[in-house]
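In the working numbering, the protein residues as written are 30 to 400.
No wet-lab data here; the hints were simulated from the structure.
Small disclaimer: the values here were computed from a predicted structure and weren't measured.
The beta-carbon is built from N, C-alpha and C at its ideal position, and this holds for glycine as well.
Please note that the accuracy of each hint is not assured.
Claimed, not checked - Listed next, with one range per pair, are the computed distances between beta-carbon atoms:
| hint | residue 1 | residue 2 | range |
| --- | --- | --- | --- |
| 1 | Gly305 | Ser369 | 34 to 40 angstroms |
| 2 | Lys110 | Asn342 | 51 to 57 angstroms |
| 3 | Gln356 | Gln152 | 30 to 36 angstroms |
Said to hold, decoys possible - Heads up, simulated DSSO-like pairs for lysine-lysine below, C-alpha to C-alpha not over 27 angstroms straight-line:
| hint | residue 1 | residue 2 |
| --- | --- | --- |
| 4 | Lys294 | Lys386 |
| 5 | Lys110 | Lys215 |
| 6 | Lys368 | Lys294 |
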Amino acid sequence: MVIANQQPLLSAKIDYPLASFRLQAEFDIGQRGITALFGRSGSGKSSLLRVLAGLTKDSRSDIRFNGRVWQDKHAFLASHKRHIGFVCQQPQLLPHLNVRANISFAYQRRFNQHGPSLDELSQWLGLSQLLDKWPQQLSGGQQQRVAIARSLACHPDLLLMDEPLSALDVDSREEILHHLEQLHRKLPTPIIYVSHNVEEIHRLADEVIVLDNGQIRQRGSLLELANQLHSPLHGDQHSTLLEASVSHYDPRWQLTTVTLADKQKLQLAGQPGMIGSPLRIRIPARDVSLTLSKADDTSILNCLRATIHHIENDAGAGALIQMHIGQGKQPLLAKLTQKSVHQLQLTVGCQVIAQIKGVAMLSDQPSKTTT
């Protein structure tokens, strides 16, 4: 699995016995972007990361990075020679060094000369005012930001992140998500990001590998997997995940127009970014209603023509409606009652108007909705 138009940088065939199952996974990683390892706790995500990092010696696995053998049945390259950065759940800062010295410790041992400077990392991660402080003077979120800066200061060829936000409170988690989104755009370093948190995956991932009991159950692009009807990436509620770009801002009504991949447009409250800047949006299925004709006397701003692709009743009174927006394949999901489906006589192939009552922005801005 490689991001489109990329040659694989990392190729791995993992075969490693664990206490309750055997970890068996075969995949490729491209030269840029964030690949998320997603799955419930105990599915083998962290164990897989440890095998990649060389922290678990295993003669059954075959791992190659940029044409170089990291390990196979004949060879095993030590962890410190793999040029990897590793961020754990706990920051593990050196307590006798201040922030500047913690980052410099890694910078002085960098694998190559190509990469961000200490000043750049401090600026990108919001650490410039904290460089002279000691680890015990920092909050948990601040310590984790220092740990991320330290892992990048060695200029790694690959960054591994193992549930880096799981031990943080909501505010600290949100703060680091903001910085990771910015880093993702600035750094060419590929990242493998382990998490069981759907929100983190939605905001950060380009590609996703879904792991369960040591086996890869699904893999593909984030949008491909997240918009499948029975995807584990829906979390507690079904929704549609889309990518868009900011195309216009109306200061009078404080509304931003965003353009989807197929040129369809939506309006969002506030100003999420500069013209042309990318963003991800999520449309909860429960916030989409359907009509057979366009209503002129409605308060709902976002009304799009769509074609029903699939209808599936749930075990209760509800029904999930899969649609394609406009003339393309842009997906949209609605959650209706079975009674509504019956009254409107909805069937596969029907042309409808999708009234979108809520659109949530997944970005470094606070979530907002528009009706």
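Evaluated hints:
1. About 39 angstroms separates the C-beta atoms of Gly305 and Ser369, a value consistent with the hinted range of 34 to 40 angstroms.
2. Look at Lys110 against Asn342: about 56 angstroms separates their beta carbons, and that is inside 51 to 57 angstroms.
3. Remark: the range hint 30 to 36 angstroms for Gln356 to Gln152 is contradicted by a beta-carbon distance near 45 angstroms.
4. Straight-line distance between C-alpha atoms of Lys294 and Lys386 comes to about 14 angstroms, which keeps the hinted pair within the 27 angstroms bound.
5. About 25 angstroms separates the Cα atoms of Lys110 and Lys215, which keeps this hinted pair within 27 angstroms; it holds.
6. Using a Cα cut-off of 27 angstroms, the hinted pair Lys368 and Lys294 is violated, with the two alpha carbons roughly 30 angstroms apart.
Comparing the model with each numbered hint stated earlier shows that hints 3, 6 do not hold.
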